[in-house]
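Engineer: This is what each chain is made of:
Number of protein chains: 4
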Amino acid sequence: MSGSSLGLLFTVTSFGESHGPAIGCVVDGCPPGLALCEADIQAELDRRKPGTSRHVTQRKEPDTVEILSGVFEGKTTGAPIGLLIRNQDQRSQDYGKIVDTFRPGHADYTYWHKYGIRDYRGGGRSSARETAVRVAAGAIAKKWLKERYGVKIRGYMSQLGEITIAFKAWQHVDQNAFFAPNDEVIAQLESYMDQIRAERDSVGAKIEVVAENVPVGWGEPVYDRLDADIAYAMMSINAVKGVEIGDGFDTVAQRGSVHGDELTPAGFASNHAGGVLGGISTGQDIRVSLALKPTSSIPQPRNSIDKAGHAVEMATTGRHDPCVGIRATPIAEAMLALVLIDHALRHRAQNADVQVDTPRIPGRIA
Amino acid sequence: MSGSSLGLLFTVTSFGESHGPAIGCVVDGCPPGLALCEADIQAELDRRKPGTSRHVTQRKEPDTVEILSGVFEGKTTGAPIGLLIRNQDQRSQDYGKIVDTFRPGHADYTYWHKYGIRDYRGGGRSSARETAVRVAAGAIAKKWLKERYGVKIRGYMSQLGEITIAFKAWQHVDQNAFFAPNDEVIAQLESYMDQIRAERDSVGAKIEVVAENVPVGWGEPVYDRLDADIAYAMMSINAVKGVEIGDGFDTVAQRGSVHGDELTPAGFASNHAGGVLGGISTGQDIRVSLALKPTSSIPQPRNSIDKAGHAVEMATTGRHDPCVGIRATPIAEAMLALVLIDHALRHRAQNADVQVDTPRIPGRIA
Amino acid sequence: MSGSSLGLLFTVTSFGESHGPAIGCVVDGCPPGLALCEADIQAELDRRKPGTSRHVTQRKEPDTVEILSGVFEGKTTGAPIGLLIRNQDQRSQDYGKIVDTFRPGHADYTYWHKYGIRDYRGGGRSSARETAVRVAAGAIAKKWLKERYGVKIRGYMSQLGEITIAFKAWQHVDQNAFFAPNDEVIAQLESYMDQIRAERDSVGAKIEVVAENVPVGWGEPVYDRLDADIAYAMMSINAVKGVEIGDGFDTVAQRGSVHGDELTPAGFASNHAGGVLGGISTGQDIRVSLALKPTSSIPQPRNSIDKAGHAVEMATTGRHDPCVGIRATPIAEAMLALVLIDHALRHRAQNADVQVDTPRIPGRIA
Amino acid sequence: MSGSSLGLLFTVTSFGESHGPAIGCVVDGCPPGLALCEADIQAELDRRKPGTSRHVTQRKEPDTVEILSGVFEGKTTGAPIGLLIRNQDQRSQDYGKIVDTFRPGHADYTYWHKYGIRDYRGGGRSSARETAVRVAAGAIAKKWLKERYGVKIRGYMSQLGEITIAFKAWQHVDQNAFFAPNDEVIAQLESYMDQIRAERDSVGAKIEVVAENVPVGWGEPVYDRLDADIAYAMMSINAVKGVEIGDGFDTVAQRGSVHGDELTPAGFASNHAGGVLGGISTGQDIRVSLALKPTSSIPQPRNSIDKAGHAVEMATTGRHDPCVGIRATPIAEAMLALVLIDHALRHRAQNADVQVDTPRIPGRIA
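Residue numbers (this note's numbering), protein chains in the order written: chain S, 1 to 366; chain H, 1 to 366; chain U, 1 to 366; chain D, 1 to 366.
Rather than coming from a laboratory, the hints here were simulated on the basis of the structure.
Check before you lean on any hint, since a few could be wrong.
Pairs involving identical chains hold if they fit within one copy or between any two copies, as the list cannot separate such chains.
As the list claims (entries may be wrong) - Derived DSS-like pairs: lysine-lysine, alpha-carbon spacing no greater than 30 angstroms straight-line:
hint, residue 1, residue 2
1, LYS307, LYS152
2, LYS75, LYS97
3, LYS307, LYS49
4, LYS75, LYS307
5, LYS97, LYS146
6, LYS60, LYS49
7, LYS97, LYS307
8, LYS168, LYS146
9, LYS307, LYS168
10, LYS49, LYS152
11, LYS146, LYS307
12, LYS97, LYS168
The structure displayed is predicted, hence computed values, not measured ones.
Extracted from the complex, chain S is given alone in its bound form (with noise of 0.2 angstroms):
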């Protein structure tokens, strides 16, 4: 295994590069008997396609998917689901710039040490086209989340850049290309990332994902916390540079007596933890950030080297997410839902028999 499967018991392993004839990935260790179909999986996909707006690439694909396998009648058979997506526009376009030259802040200087090949065609491998995967299997497990246990996963933007966005209402953020929970905003938003690309730059973005009503119970540690397997699958997402479970960077300047959320029979009475203590979900809402860094491809030109290792200046052109913050907001939904999946079946493999007499009280006073 070098590196492309992820979860113990729900497990995704994809493949793909960004320019070769398909990505995909087979979702090994899904219950059986989820109704599936391929519509329920596209709509999560359209959700994070590129093209939609004039603020992100304009590769136009289509990522139209296909269930090889694994789904029986309408319904999911405990077999392995395979899942495909053709390539569409990979545009014949001149790569001589990037053939033998390592763009700064890109993977190509690592690919080309570390296994001596690079598919330099778009990025290859290292391309974030491979989060269009983990959309797709994400979908199948949102799904199972949902429908099994009333898990309900969204984020949104919190911040662009320089410019902060105000949590309004969760209805704003499919209604914008930002993921932005605010209607007030998106015209701010809009003309900043006109800005950027008149400037020939990028920038970063903050992005707050939820989860609702997970039940009490699943993480497994010491080692593989819940929050530790966010961490991890937060942190694998292209450009991801920072992750916060709860409170997050602000825990170092708070006190204990503000930090341990009270409990009481109505429910808990605060959430700074973001829902998991001890590696282990409390039934309060799962709240996790995580940075992106601004994207690397930027017309202006750098300073980098060749593989002959001479210097050399390089723009990046070509067709580019001047934000890849922008969209986001699925992939990392997504990610919760692949790792509360995978804990919510490896919790039942160890404790299926498990009762409890003790109230579990909500996660919130109502």
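With chain S held as given, fit chains H, U and D onto it using these hints.
Structural biologist: Below, chains H, U and D without anything else, positioned relative to chain S:
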């Protein structure tokens, strides 16, 4: 596997509770031929052990480690290394208060509902006492990484509650109780901690860890990226709520023209990436930050519930660290070492035959 | 992971049903730089494919493989290799008889009770059609082992029903429908099979597989021994009921003075061990035998029950191999290759630095 | 992981050498709430321990087990269970003869070349002493399987060298040194073994293991089939060279009309399959056979080489079992238990919600 193993090829499997007879682990996959004795491990354990200053728990544990296997005539044999640390100071205190109640901020509530049974003595399995095992295993990893690749792993505290600690020099780190890299702030930190204790409260901390001389090429995308596995390992440490690689959350507001580290024949011109691109080490320093929440056990009364679901008020007495972050530096170093050695082994499994003419540039311009 | 992945470092993850749109797999962990094209894989698939003689199923499947990823400009890149084989001949036969009944000797009853849903078309996931995937993945493993280490993996049929087939020469194996290493028995085997079919019955077979030139040192005791992983891989093949290494069950009545292979400076004096000692390859030929049971689908009536639990009588019509062992040789070779490459990679991960002055003796005295 | 862990969800990680300070393991994933004390484990260890008759090694090891963690107030907590067995009788014998020579049939040559270092004392890591750990871990698995599912696992010797032992009744098995299910053959077996020892030779054995009351549904095709994992586990036992499920190698010459077990409303009509179809348990008895080779350590001179590659003649003195198969029955039972519990947990992870109206028929017609 209910979550007590870490690493695919250099695998640590941990066991033990805070007040049971012993803690320990099995380290499987250590390359043969490494000179190893108990003193090598003990040196690292002594850096983490409790009772060394008034700012940490007063539990007296010598943390004496015994090597049970895997070492012959002073060298590792390639067989699994059994490590054993007997618990010595399981004070027979009155646990009456916590047997039937759930301490806020602790894993009591989650363990109880997950397993239906709970070793309440000192937190049982969820106690930070288990981190001694990580430090012991990490000592082996550190030694091998240093001898085989010249990798140097060091950490320090960069913030204690509201107090930011400027980095002055590495030499100071092991000369104070806080692992602070600055001898001028020690008095301030001490009085700050005295005040926190006087207020019967606790506080968080921020830790930085750095690995130097890591070769280019470690990390297994697209999921088992080096940074993803680091995030997992760090978030699995008790009380950690956030992890950053390189510039972390600062990248949100950065521009691509600033963030992307330029390459020159003399080395990388900067290190915003924190030593990882595309999930693979670049040869730059690996830079990791982590946030630790304030200790949940504080001696002031807090609201909670008992096993019957009734409201109770409870203060946590007993021996506790007023800031769990104070002893976290050796633990974070150990976790970074464990991730790095695992990826060193994974890398060469697949890529041992790779040969590239391209020169490897220094991690930074000298 | 519900069991569809094989191998720790060279990992095959399989998907697909007998009568679904496609079967295939992801091969993760293949070392980069291996020359690979579809014809390399097709050659092995053609050895296994159905319809090539009157003694096997008449289903017409070209088993055309498409490489979806992981190969660039004719070489593997280290990225996962997606392989796809479209099903072509899903005859629209009448499944009415088996939809609600359980065929004796088949997985119908167990799949139904395990998953609560069953793709009954052609056996669905439990069909031996999945073994094409193993052969495809094994072709990659075989090629790498041969080019990197000179390992040569070959198999043959040593028994068909009551007929023992004496080994004459390797050259005969690929020149008859049975993979028999003896051109003098072919007529006998053909008339035997004709007779079995005339009796509307089926019969078992025994297959031998040999790997030459395996270096000393592969295998990871104490559990993941080379022979243990071989036993696992072989027993995972449909219809296999027994596995032997070296002298296998004959060792029960052997004396230690006979069995233990003596070492001489010119090589091992014998090979009762079958090339494995202490779970590690010795440099001798790896010798494996496997027993395949008779095909369960036979056209004579048998007693069974239906989904309501009522007694039924059923004969299995349709296209079936009268001896599943006939096409098993390429599959067994593939499985051995998959185990060997995995252990080659695991070995060098831990032991890449090992240097021993002791000479390695030949596997056999020349 | 260099191969010392077994099981995906009920994971045993073993450590220890024959003549080191201790052997032991970590059992991770045991469901909580199982009543467990050291006596439960000791009872199984005592069945395997050396020195109990003149037909086995005279090494005196009480094999006293200590539970280090994972049990609280007499019940498992779900945390990893640390087990420790101190070695007592590491006789300070003269190892001079084997330090620099490789015993035929032993792992000396392979360990030396694999690791470049070798704990030669008593075979070090390759010693069958490690099997005590398996028996200890297996005792926990056995207890849980029995209490939770009523599964009963028993084994016996069916052949000692040339002597076939007819099954008479289970009650005899634990009443003789051979685990023979027949009180009438004991005298013959004893004189046979006396003769083997007099001839300074050793001999092989065949063991049968049976698991009753295994529910239908355990096993994870297409690779992690129940029978595949059993084959792996059995072949990982020192000296095992062959494994059969059900009729095993006898199926080669069987007809399909005989082999395929018919189903009736009253139960399966026969059990040629050995309780597994399509890699999943059927509800029939799980029947497994294994072949153990003769002990490699024999006191007559044999040819070998030394570390310099020179020819030597060596006889193995010291304390050895003249037939390693004699003490293998408890080990084989333990391995079967470990595989079954792992699959019990894996099955319910994915399929806990499956409900089928179809009645489950008895494993055999009453």
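Engineer: Please go over all the hints and tell whether each is borne out by the structure.
Structural biologist: Quick rundown of the hints versus the structure:
Proximity of LYS307 to LYS152 under the C-alpha cut-off of 30 angstroms is restricted to the inter-copy arrangement: shortest distance 28 angstroms between copies versus 48 angstroms within a copy. Taking CA atoms no more than 30 angstroms apart as the test, LYS75 paired with LYS97 passes between copies only; the shortest distance there is 22 angstroms, against 48 angstroms inside one copy. In this homomeric assembly, LYS307 and LYS49 never come within 30 angstroms of each other (Cα to Cα): the closest approach is 33 angstroms inside a single copy and 45 angstroms across copies. Taking CA atoms no more than 30 angstroms apart as the test, LYS75 paired with LYS307 passes between copies only; the shortest distance there is 19 angstroms, against 51 angstroms inside one copy.
In this assembly of identical chains, the alpha carbons of LYS97 and LYS146 never lie at most 30 angstroms apart, being 47 angstroms within a copy and 37 angstroms across copies at closest. In this assembly of identical chains, LYS60 and LYS49 lie within 30 angstroms of each other by CA distance solely inside one copy; the values are 9 angstroms within and 39 angstroms between copies. When the C-alpha separation of LYS97 and LYS307 is checked against a cutoff of 30 angstroms, the pair qualifies only within one copy, where the shortest distance is 12 angstroms, while the shortest distance between copies is 56 angstroms. Proximity of LYS168 to LYS146 under the C-alpha cut-off of 30 angstroms is restricted to the intra-copy arrangement: shortest distance 24 angstroms within a copy versus 51 angstroms between copies.
In this homomeric assembly, LYS307 and LYS168 never come within 30 angstroms of each other (Cα to Cα): the closest approach is 49 angstroms inside a single copy and 38 angstroms across copies. For a Cα distance limit of 30 angstroms, the shortest separation of LYS49 from LYS152 inside one copy, 22 angstroms, qualifies, whereas the shortest one across copies, 43 angstroms, does not. In the homo-oligomer, the alpha carbons of LYS146 and LYS307 lie at most 30 angstroms apart only across protomers (29 angstroms), although the nearest pairing inside one protomer, at 49 angstroms, exceeds that limit. Proximity of LYS97 and LYS168 under a CA criterion of 30 angstroms is satisfied in neither setting, with 45 angstroms inside one chain copy and 43 angstroms between copies.
The earlier numbered hints that this structure contradicts are 3, 5, 9, 12.
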